[in-house]
Amino acid sequence: GAGVSQSPRYKVAKRGQDVALRCDPISGHVSLFWYQQALGQGPEFLTYFQNEAQLDKSGLPSDRFFAERPEGSVSTLKIQRTQQEDSAVYLCASIPGQGYNSPLHFGNGTRLTVT
Amino acid sequence: AQSVTQPDIHITVSEGASLELRCNYSYGATPYLFWYVQSPGQGLQLLLKYFSGDTLVQGIKGFEAEFKRSQSSFNLRKPSVHWSDAAEYFCAVGNTNAGKSTFGDGTTLTVKP
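So the sequence lines, in the order shown, correspond to chains A and B. Residue 1 is where the first sequence starts when you use this note's numbering, and the numbers rise one by one after that. Residue 1 is where the second sequence starts when you use this note's numbering, and the numbers rise one by one after that.
These are computed hints drawn from the structure, not numbers from a lab. One should not assume that every hint holds.
[To be verified] Partial selection, computed: residues in chain A whose CB lies under 10 Å from chain B:
{"hint": "1", "residue": "R9"}
{"hint": "2", "residue": "F33"}
{"hint": "3", "residue": "Q41"}
{"hint": "4", "residue": "F45"}
{"hint": "5", "residue": "N51"}
{"hint": "6", "residue": "A53"}
{"hint": "7", "residue": "D56"}
[Claimed, not checked] Counterexamples of contact, computed for chain A against chain B with all Cβ distances above 12 Å:
{"hint": "8", "residue": "Y10"}
{"hint": "9", "residue": "V12"}
{"hint": "10", "residue": "R22"}
{"hint": "11", "residue": "S27"}
{"hint": "12", "residue": "E44"}
{"hint": "13", "residue": "V74"}
[Stated by the list, open to error] Estimated spans, in silico, between C-beta atoms of each pair:
{"hint": "14", "chain 1": "A", "residue 1": "K78", "chain 2": "B", "residue 2": "T12", "range": "38 to 48 Å"}
{"hint": "15", "chain 1": "A", "residue 1": "G72", "chain 2": "B", "residue 2": "Q71", "range": "35 to 45 Å"}
{"hint": "16", "chain 1": "B", "residue 1": "D54", "chain 2": "A", "residue 2": "D18", "range": "48 to 58 Å"}
Using N, Cα and C, we set each Cβ at its ideal position, and we do this for glycine too.
Go ahead and model the full structure; you've got the sequences and the hints to work with.
If you want it as structure tokens, here you go:
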């Protein structure tokens, strides 16, 4: 079956540009997560949706980061006025239910390079 | 706050040798524990998980891990490593919302022929 799909796979942006990263979770998965993985580090939590509701955005590093999931399926992570420190792999993951005891199903990520 | 430490940044083993990757966590209650594997350019794939019950858990690809509460550890083991096991391995701890997990910085495994 189809897994979590992320696009684009690679994105190069000039400093100051806005970018939008897309995530298609596994069909029917209720919960969706965004993680940021800097080079040589483990993923770090950014934000979490249950259906269309954004229940936790405590990991978003600044107000330049914004995520939405308007219809409870596809999600978009938007970064405004990109900075070099935003360069990382952005991973999306989904879970069938509300979390608790379910492991994450990850996409292959979007590698963002800010020049 | 919860945290995960993977003390070994890089490990090299010979094909056919045994493997143990270390993971220590900090968490106030009974944790949800996971091991994920990441191949270059890929997302993370779950190897195994511990929620409760038997402290020795079996996973995919012949991996197992043992939860030791007294040592706050969840080490990953494999009796005989294959060349295809070369990858980066991440230990993670989750809370009541297991999706919101805290990851270690990973251990890169190299397998010598």
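Do the hints match the structure? See the list:
1. R9: It holds, given that the least Cβ distance between A/R9 and chain B is near 8 Å, below 10 Å.
2. F33: Cβ of A/F33 sits 5 Å from chain B, so the hint holds.
3. Q41: holds (5 Å)
4. F45: A/F45 check passes; min Cβ-Cβ to chain B is 5 Å, inside 10 Å.
5. N51: violated (14 Å)
6. A53: violated (13 Å)
7. D56: holds (7 Å)
8. Y10: violated (10 Å)
9. V12: Label holds. Min Cβ-Cβ 16 Å, cutoff 12 Å.
10. R22: holds (15 Å)
11. S27: holds (17 Å)
12. E44: violated (7 Å)
13. V74: About 17 Å separates A/V74 from the closest Cβ of chain B, which puts it past 12 Å; holds.
14. A/K78 / B/T12: 38 to 48 Å: holds (41 Å)
15. A/G72 / B/Q71: 35 to 45 Å: Distance hint for A/G72, B/Q71 holds at roughly 42 Å.
16. B/D54 / A/D18: 48 to 58 Å: holds (49 Å)
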